[in-house]
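Novice: As you go down the protein sequences, you meet chains S and C in turn.
Using the numbering used here, read the first sequence as starting at 1 and increasing by one per residue.
Using the numbering used here, read the second sequence as starting at 1 and increasing by one per residue.
To be clear, the hints were calculated from the coordinates, so they are not data collected in a lab.
Hints are supplied without guarantee of correctness; some may be wrong.
Copies of the same chain are indistinguishable here, so a pair counts whether it falls within one copy or spans any two.
Derived lysine-lysine pairs resembling DSSO-like cross-links, with alpha carbons at most 30 Å apart [what the hints assert, rightly or not]:
id, residue 1, residue 2
1, K126, K368
2, K51, K368
3, K12, K235
4, K368, K235
5, K297, K234
6, K365, K235
7, K410, K244
8, K172, K365
2 protein chains.
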Amino acid sequence: MRLSRYYLPVLKETPSEAQIASHRLMLRAGMIRQEGAGIYAWLPLGFRVLKKIEQIVREEQDRAGAAEMLMPTIQQADLWRESGRYDAYGKEMLRITDRADREMLFGPTNEEMITEIFRAGVRSYKDLPKILYHIQWKFRDEIRPRFGVMRGREFLMKDSYSFDIDEESARKSYYKMFVAYLRTFARLGVKAIPMRADTGPIGGDLSHEFIVLAETGESAVFCDKRLVEMDTPKKDVDFDGDLKPIFDQFTSLYAATDEMHDKSEFDSVDQKHQVSARGIEVGHIFFFGEKYSKPMKAVVAGSDGSEIPVQMGSYGVGVSRLMGAIIEAYHDENGCKWPMPVAPYHVGLVNLRSGDEDCDAACDKIYKELTSKGVEVLYDDTGGRPGEKFARMDLIGLPYQLVIGPRGIKSGEAEVKNRTTDERETIAIDKVTEIISGRVADALDYA
Amino acid sequence: MRLSRYYLPVLKETPSEAQIASHRLMLRAGMIRQEGAGIYAWLPLGFRVLKKIEQIVREEQDRAGAAEMLMPTIQQADLWRESGRYDAYGKEMLRITDRADREMLFGPTNEEMITEIFRAGVRSYKDLPKILYHIQWKFRDEIRPRFGVMRGREFLMKDSYSFDIDEESARKSYYKMFVAYLRTFARLGVKAIPMRADTGPIGGDLSHEFIVLAETGESAVFCDKRLVEMDTPKKDVDFDGDLKPIFDQFTSLYAATDEMHDKSEFDSVDQKHQVSARGIEVGHIFFFGEKYSKPMKAVVAGSDGSEIPVQMGSYGVGVSRLMGAIIEAYHDENGCKWPMPVAPYHVGLVNLRSGDEDCDAACDKIYKELTSKGVEVLYDDTGGRPGEKFARMDLIGLPYQLVIGPRGIKSGEAEVKNRTTDERETIAIDKVTEIISGRVADALDYA
């Protein structure tokens, strides 16, 4: 994409309302714009990151055998009366009345609706197990939205729902999502640690939060350091096989959020392994059995013909929130430092003298070559001073910056900056496409 | 995908509320489920088609040089007061009050918001032209939602917005979207004819609707037959070049909706070329100049430093509605007949005797081979009678059905049915992957 045609409204000043790095940087780098309290427009650069996060989440759900669908944002109040949550949910639920005075709401979550959909279409135990998911915009009317997309009101969430005939089978579904989550977060470049969690308003018996460690995290967390260092399951992991050993491995060591923290148990962990830190919740999974299937009569016929309420679980990933969490983990005072898999573009190509015939020709050629090799390039073909161009590239944080100016043209060299390390090197202009496209491909190749 | 894990709740009975083929078939084939008046959940099969339509729309927007972003669904009432439309829009606007008694609304369109975003980030004529778009769920509180997704209340729309310094440049942006639309609809497999249109509540001077001819169309349309036969611009069309000749070519012949119909002009068309039919609107483009930029003060500095309100246009495609339009164009009494580019899966693989060792082995092998070649396969590995399996495959309408049974295993042959023509042929089992994957690739290769 040529920057001259793009919409990238970077800000020089730090907006005063932004208290944490991710919020500041997303506003400054022209990734989002606030359109109301806790409501954001995703400008082109931010939107690309959001789509990449979403796609990785999707691929790992598909790999685990879940089927994607999409439920509407607007739900009927009556559906929530069936589960008893319409009154229980409180003011966080955005309630709406339409022109015919029907009571509706902007969905904050979808347990009721998916249960309704399931019960309408599944009749027999032979049709189980099933895992369905969608990636959908939700609304929760937070009393104090803050920290940008980290605690917004309108937010993008992946939520999956599992349906099983009995608890043993339901646990297998739970393990599938558990392993899918380990892989999802690792592919996004963040280390998310599963921690025992309270089940809260969703209800149920078994629940884990996935927590990214970060200084700006909203809650205190405690865990065994060896968990942080554990290897993520590889892509050839067999989701039809026995996943319990992986689940056991990742839950055998101490890890708990503040709410579930057991000081005496934590004290028994060898001191050199004790980590007490702050964390950002990026995923939350629940097994809640018959909590919705029983009141809503989501039953299937068992092998003996009897009616059996299905065992359910739900599994959420905060897709838009993850973008904030990734920035919290990867930035410096000059801007973002995107991991390659979620970088809005892989390479920023800087033409130091746009309008100069030789510079334009060299940049146009590299732009075309890299693009034809599948490298995503944001090409700064605008006017403006070099200092302004460098600062903007640092701010938006693409993994590689490739700088071409009159001096380089003469010597046949391009300057390449790795934004992750801030190291610079010089590469011959006629080799730069091959070398950079190779590095990008390597960085995207995740096991 | 194995059908045993999928969620495909086909209905035997035709739902009584569905008056047109697309609505009936989408319900019967388990593609959608109604969750409220004019509000649908997209079940896995329907969701796949929706995503494919969306992706083709996106690719052609990107090709034309538009930049994708995403605006929130919830908007502030005050923004619409700036343009004067908050009161003018009437009861179709879903108005909402949040917990802090702020007046908000579920966006029915985004002219105001994009104007606000633009004015905050663009200062100079040098930053123009720009085209921004998003693909977003919208809500219009129709008094009488009907025809399934064709006139729903919550619907998916692609809307683009162009910003130019003067009318001449704005017309170029209009031509870009005009040509992008011709390509978009052709790639989706439908023939959409641009027709002069009334500008309606969006306002403006220049407007075209893109209309798919179909008996069940909502409005009468009149056009010159030669328009229907005109060749679509190829993918190497130069969006930076002069597109006026293409625009002129497609607007030189008579074509108008009922509202804009000029009987005497139509009568002057050679009778053998006169088409009077019914049509479904799938796209609508507008040039409306300063209608929003002036009241909302979206101005840029001109070359002499003066403040110039930008010239704007907006360009909509009804993404979810297109799914209905495509079914109206491609179906028979047994079900859908998807064009390859939007088919939920390319191939339906039918195991006539699931559980039989040889049948399972042969099907598993073909399933793996086809999948590894990028062919999307829905594998019916369930029990059930052959008649039930065939009827379901016809109903969901995948382009190819590939049938493997005990008799075929013995003779080394698979039966292949082309759902578009309903022709059957026999292909050697060991050649079937190569032949079918080749045909699928050919059908997906669009110029």
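Novice: Against this structure, judge whether each hint is valid.
Specialist: Results of checking the hints against the structure:
Taking CA atoms no more than 30 Å apart as the test, K126 paired with K368 passes between copies only; the shortest distance there is 24 Å, against 53 Å inside one copy. In the homo-oligomer, the alpha carbons of K51 and K368 lie at most 30 Å apart both inside one protomer (24 Å) and across protomers (28 Å), since each shortest distance falls under that limit. Neither within a single protomer nor between protomers do K12 and K235 lie at most 30 Å apart by alpha-carbon distance, with minima of 42 Å and 40 Å respectively. Taking the closest pair of Cα atoms, K368 and K235 come within 30 Å of each other only across two copies (17 Å); inside a single copy the shortest separation is 33 Å, beyond that limit.
With identical chains, the CA atoms of K297 and K234 are never at most 30 Å apart, being 39 Å at best within one copy and 54 Å at best between copies. For the homomeric pair K365 and K235, the shortest alpha-carbon distance between copies (21 Å) is at most 30 Å, but the shortest distance inside one copy (36 Å) is not. Taking CA atoms no more than 30 Å apart as the test, K410 paired with K244 passes in neither setting, with 61 Å inside one copy and 41 Å between copies. In the homo-oligomer, the alpha carbons of K172 and K365 lie at most 30 Å apart only across protomers (26 Å), although the nearest pairing inside one protomer, at 52 Å, exceeds that limit.
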